[in-house]
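Visitor: Protein chains in written order, with this note's numbering: chain A, 2 to 479; chain B, -14 to 469; chain C, -4 to 93.
It should be emphasised that the hints constitute simulated quantities derived from the structure, not laboratory data. These numbers were taken from a predicted model, which means no experiment stands behind them. C-beta: ideal position from N, C-alpha, C; glycine also. One should not assume that every hint holds.
[Said to hold, decoys possible] Covered by chain A, per the in silico footprint, the following chain B stretches (three or more residues, Cβ under 8 Å):
no., stretch
1, 129 to 135
2, 218 to 230
3, 351 to 358
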Amino acid sequence: MASEAYEAVIGLEVHAHLQTAAKLFCGCTTKFGAPPNDNVCPVCMGMPGVLPVLNKRAVELAIRMGLAAHCEIAPFSLFDRKSYFYPDLPKGYQISQYELPICKGGYVELPGDGGAPRRIRLVRIHIEEDAGKNIHESNASLIDFNRSGVPLVEIVSEPDLRSAEEAVEYLHELRSILVYVGASDGKLEEGAFRCDCNVSIRPRGSSELGVKTEIKNLNSLRFVEKAINYEIKRQVGILESGGRIPQETHLFDPERDVTRPMRSKEFANDYRYFPEPDLPPLRVPPAMVDEIRAAMPELPAERRARYASELGLGGYEVGVLTREREVADYFEAMIPRLKNPKSAANWVMTEVLRIVNESGKPIEEAVPPAAESAALLKMVEETKISFNAAKTAFAAMVKSSKSAAATIEELGLVQVSDEPAIAAACDAVLAAEPDKVAEYRAGRDKLFGFFVGQVMKAMGGKANPKVINEVLRKKLAG
Amino acid sequence: MTSDLHKLTIVEAQARLSRRELTARELTRACLDRIAAVDSRVNAFLTVSEDAALAQADAADARINAGGAPALCGIPLGIKDIFCTRGLRTTCASRILENFIPTFDATVIERLREAGTVFLGKTNMDEFAMGSSTENSAFGPTRNPFDLERVPGGSSGGSGAAVAADECIAALGTDTGGSIRLPAAFCGIVGIKPTYSRVSRYGVIAYASSLDQVGPFTKSVRDAAIMMQALAGIDPRDATSSARPVPDYLRALTGEVKNLRIGVPREYFVEGMQPEVERAIRGALASYRELGAETVEISLPHTEYAIAAYYLIATAEASANLARYDGMRYGLRVEADDHIGLYNRSRDAGFGAEVKRRIMLGTFALSAGYYDAYYLKAQKVRTLIRRDFERAFERCDLIATPTTPATAFRIGERTADPLQMYLSDIFTISVNLAGLPGLAMPCGYDDRGMPVGLQLIGPPFGEETILRAGEAFERAFTPRRPAL
Amino acid sequence: MSQKRISREQVLHVAELARIELSEAEQQQLETDLSNILGYIEKLNQLDTEAVEPTFQVGDPGTPWRDDVVTNHPEPEAMLLNAPAREGRLFKVPKIIE
Chain A
2 MASEAYEAVI GLEVHAHLQT AAKLFCGCTT KFGAPPNDNV CPVCMGMPGV LPVLNKRAVE
62 LAIRMGLAAH CEIAPFSLFD RKSYFYPDLP KGYQISQYEL PICKGGYVEL PGDGGAPRRI
122 RLVRIHIEED AGKNIHESNA SLIDFNRSGV PLVEIVSEPD LRSAEEAVEY LHELRSILVY
182 VGASDGKLEE GAFRCDCNVS IRPRGSSELG VKTEIKNLNS LRFVEKAINY EIKRQVGILE
242 SGGRIPQETH LFDPERDVTR PMRSKEFAND YRYFPEPDLP PLRVPPAMVD EIRAAMPELP
302 AERRARYASE LGLGGYEVGV LTREREVADY FEAMIPRLKN PKSAANWVMT EVLRIVNESG
362 KPIEEAVPPA AESAALLKMV EETKISFNAA KTAFAAMVKS SKSAAATIEE LGLVQVSDEP
422 AIAAACDAVL AAEPDKVAEY RAGRDKLFGF FVGQVMKAMG GKANPKVINE VLRKKLAG
Chain B
-14 MTSDLHKLTI VEAQARLSRR ELTARELTRA CLDRIAAVDS RVNAFLTVSE DAALAQADAA
46 DARINAGGAP ALCGIPLGIK DIFCTRGLRT TCASRILENF IPTFDATVIE RLREAGTVFL
106 GKTNMDEFAM GSSTENSAFG PTRNPFDLER VPGGSSGGSG AAVAADECIA ALGTDTGGSI
166 RLPAAFCGIV GIKPTYSRVS RYGVIAYASS LDQVGPFTKS VRDAAIMMQA LAGIDPRDAT
226 SSARPVPDYL RALTGEVKNL RIGVPREYFV EGMQPEVERA IRGALASYRE LGAETVEISL
286 PHTEYAIAAY YLIATAEASA NLARYDGMRY GLRVEADDHI GLYNRSRDAG FGAEVKRRIM
346 LGTFALSAGY YDAYYLKAQK VRTLIRRDFE RAFERCDLIA TPTTPATAFR IGERTADPLQ
406 MYLSDIFTIS VNLAGLPGLA MPCGYDDRGM PVGLQLIGPP FGEETILRAG EAFERAFTPR
466 RPAL
Chain C
-4 MSQKRISREQ VLHVAELARI ELSEAEQQQL ETDLSNILGY IEKLNQLDTE AVEPTFQVGD
56 PGTPWRDDVV TNHPEPEAML LNAPAREGRL FKVPKIIE
């Protein structure tokens, strides 16, 4: 909510890397993390005489995303040259799509908290190539072209968002869809998902759009939220003091949490779009779209529905488990081995996610694999260990990378459920405390806990509490 | 006794090489000697790679001796300095690439290299292929071997002059608005611009992407067919290259033109044409009729709009193609405090006047508010020009025209007024806009002895037809060699 | 001569878009040359192209796309061979201020 008088109007342009092996127009690898200028060739370096050849898989993944976002897939679209000068743009133009993009329209539904899902409309999705990276030093800039030519989809939303929170929710869902359909790995830290925000405000009730500020190149959802909130406040401040909002492009300064105008006029350029003469028009036959539709991985919304109806999980659990595809996959890998999916759900939501969130690492690096989690819970199911023991073991496995079985063994966490052994221990305890036994039988129920504790202590903490309870109750009953 | 080996055609050289009457090394040596003897006057070559050429010749000899060598094995060629040649300086006749060394071969270069041809060196051209006379080279003009005070034509003037002067047996050029056909006509030799997409453009420094095509300069039409065979074919690195199978071009040279319908467009016989040019062309048409062909008057009504359309489309595409010359990753750099200054100064220092003119024109044609009126309009006119040809080819098998309205002009004669220079292309430019194949060959000489070039234009992928017609004419016409 | 079809201001704007610094003499010459050329180009307006589709490409393209396979191997020294300025494996340019 901007203020009582004003409403915020926000549109987002997301650039996401498509998960292809090779770049969009050449055979260089897209793999992240190589030494600078390793993954380059004359084509993605813009050397004289080179020509682009389109990567088919990029088209397939873009179509997948378009289908997942309910877009219209254009049977005929064109690539265009977008001209501007910048040191990380080797050809002095970017090959993009302008008038005829591959996907038009569409929408993304935000799950909403119990209420009806809110639909955020899209304008279009198109394919384009990424630029290189600038590394700024004190008196020079250094350029690495490894990223130049990596395929991107640009996803443009209508200005349907009304708050920073909603914008973040939208970005989360969008990223989720991209990852779920396998179009992108969405790794923010690798620059695989970036966002430009268009923010304007208008008097409540008005349907005209105000002057917008474009905030460029946000690569963290936290920054998006901060930048939008700051910008809304800034614009309200200007209007309320009688000023006018200039149309500007801003950058977000994460050290001071403010937005500020860009100093260079690079992006106020006239892009002089014209159809790319080096590439034939992009023709997508309906049969190809059908094939891609048939092979689509499950969408987040579909998975959410399945968890609710087939696994009987509640809304909140479903939400937490499906927020990241990798977490949902982890959860699902556990359930075949267990009787009760809810125990897996709980486990993932508490133990697993706690460690993942604390570590800040992705799930496959932060915690032992799903098979090991399932092994632990299975042992609990079979009463081989207690639930607490499972938690202890898991914590140890995070550091050691050893298996569940080995860890339980090593830490001596196997639970004793052997009745005679427990009975013997009970007998011993009761025999040692005749007065307390008498008091209990006279009505001091609270002493039961004391006896349980003593038995547990006598058995070195390894006894199955359920069995202790049963045996003690029988014995105390006389 | 000076050897005349450099005067051989490809056909003659092939025969002698295969009979071991001649080695590739001897042939290469003869060409290199010829270059040494005349090129200080002609200035056809920017770079001569003597050692590399001799090494290629030796390797070619080994293959020929082993048997089964490809058709062009051992044939010494001149290569327009627009083709990327791995490890060998490639300048595009521009200061901005004066010291640029490509790290890869253009596809056609790679193929020719694998076929054992010998590369004598890189030939002069108009800077970035922008020009009709080779006077726009940053390294001095090339001179016409028939008259050193006259231009050889452009932009592939170096390759044209080199073949005419027998500095090489054949040469490679490119043609965007006439840049092979015009020099071929001015220098009295054969040049072909193939159908757009017939030959790979990968590794050819781009001027206008939807117009550029690679083609050969040769001393005869038969030689041109041999070169075409080696050059044509799809390239997976060029998405615009055609998958159409390559026919046997030599097989097409039957000498038969009986009942061939030759279209003669009335718009190509304009007032102000040099009378000797018209005479020579009409003479050629008469020869064709004697050979049994039929001439048909046709009309290409939008001819007069072709230059205007071309100078919007080509310059627009060029303005983007030349944006990469920015001093950042290669090429000339003039230092500045900030990157904008670096761009501005490097490009100012590196580009010649004509290049700047065309970049400015092209940028303007694409700029906000002008795109529809200029660039888009020109592409629509392009459609009208294409349709002219489609309609014409319903009534004829090929079209015959003069290549240029006049023979080679004097050096410096047209440099004051760019528009005057642009009008040299008036008969060649439509062919590029329509993407058709065009062949230029000598058919006569003016009163000063300057060559007149006949142009044969074919329907799309009609190289066989124009080669056949050209070779048939050639059987009855002996071209002159310059007195150089 | 004939009327001016491009102003000095426009020439400067286009030069800025094209990132070419022009001397005073060059600016003047370009104003004249471009004006003449644009004057010549005006003849295109004689043609009614309202119902005509533009031709952006000719010929017969045979390669709409290629398979998603990595075919290139790292050759950073070759790529940096022509670099006007470098620092290690990176291209060095004047500091970019945003």
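Visitor: Could you run down the list of hints and mark each one as holding or not?
Guide: So, going through the hints one by one against the coordinates:
{"no.": "1", "hint": "129 to 135", "verdict": "violated (count 0)"}
{"no.": "2", "hint": "218 to 230", "verdict": "holds (count 5)"}
{"no.": "3", "hint": "351 to 358", "verdict": "holds (count 4)"}
When each numbered hint is compared with the structure, a violation occurs for hint 1 only.
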